[in-house]
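First to last, the sequence lines map onto chains D and S.
Heads up: the first sequence runs through residues 48 to 161, numbered per this note's numbering.
Heads up: the second sequence runs through residues 408 to 520, numbered per this note's numbering.
Hints were generated in silico from the structure; no laboratory data involved.
Because the structure is a prediction, the values reported are computed rather than measured.
There could be a bad hint or two in this list.
To be verified - Taking beta-carbon pairs under 10 Å as the criterion, some of the chain D residues facing chain S (in silico): (1) 51; (2) 53; (3) 78; (4) 84; (5) 87; (6) 88; (7) 89; (8) 103; (9) 106; (10) 139; (11) 144; (12) 149; (13) 154.
Note that beta-carbon positions come from the ideal geometry of N, C-alpha and C, so glycine has one too.
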Amino acid sequence: DGGITQSPKYLFRKEGQNVTLSCEQNLNHDAMYWYRQDPGQGLRLIYYSQIVNDFQKGDIAEGYSVSREKKESFPLTVTSAQKNPTAFYLCASSISPSSRETQYFGPGTRLLVL
Amino acid sequence: AQSVTQLGSHVSVSEGALVLLRCNYSSSVPPYLFWYVQYPNQGLQLLLKYTSAATLVKGINGFEAEFKKSETSFHLTKPSAHMSDAAEYFCAVSRNAGNMLTFGGGTRLMVKP
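Only chain D is shown next, with the shape it has when bound in the complex (with noise of 0.2 Å):
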């Protein structure tokens, strides 16, 4: 079956550690993005990616880093920098950066600190 499948389902953070958010597409699509979702909030936009080895910010990307090494990875990097990580981060990805295009999310991973 393709998909995005999404890593922990759950993941605790202490002070001062970063922790990685693993997504990965095995649905060859060429962009990916990383969305946070807070309590009765939208989706804000952290980072995203149109192809391999390139990605941008997006509109919370503070306290945050990303890598696109492969073409089916985007993991997502919490650092300690980010003072406020307790959300619900959501994956996703879509066939091509154009703006028609659906974007497919994962599962999903709930982060909270300790």
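We have chain D already, so just place chain S on it with the hints.
For chain S alone, coordinates are given in the frame of chain D:
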């Protein structure tokens, strides 16, 4: 810059009643518009999208939406609500560069038996 407003963070309907979820957008250019549904602790699933073809768009699970340029609206409707429709619904507009989505704040739909 594009933006999306969803009127009503919570909507409650009875089973079998009409569902109407409101979405208004602002965009300097003809937009591409999307409706997604999210069940608790899950990712988002596409319901339907408008990409400048027909103004009345039919989606999955009996939902449809009508693009009205004069009203800058893209409201989501379903003639008869089912209990399984209870979820959170998000309207989104695609920005012109890079397929970045701007989301509305979401509307939580509750269906009463």
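Numbers of the earlier hints that this structure fails to satisfy, in rising order: Violated hints: none at all, because every hint is consistent with the structure.
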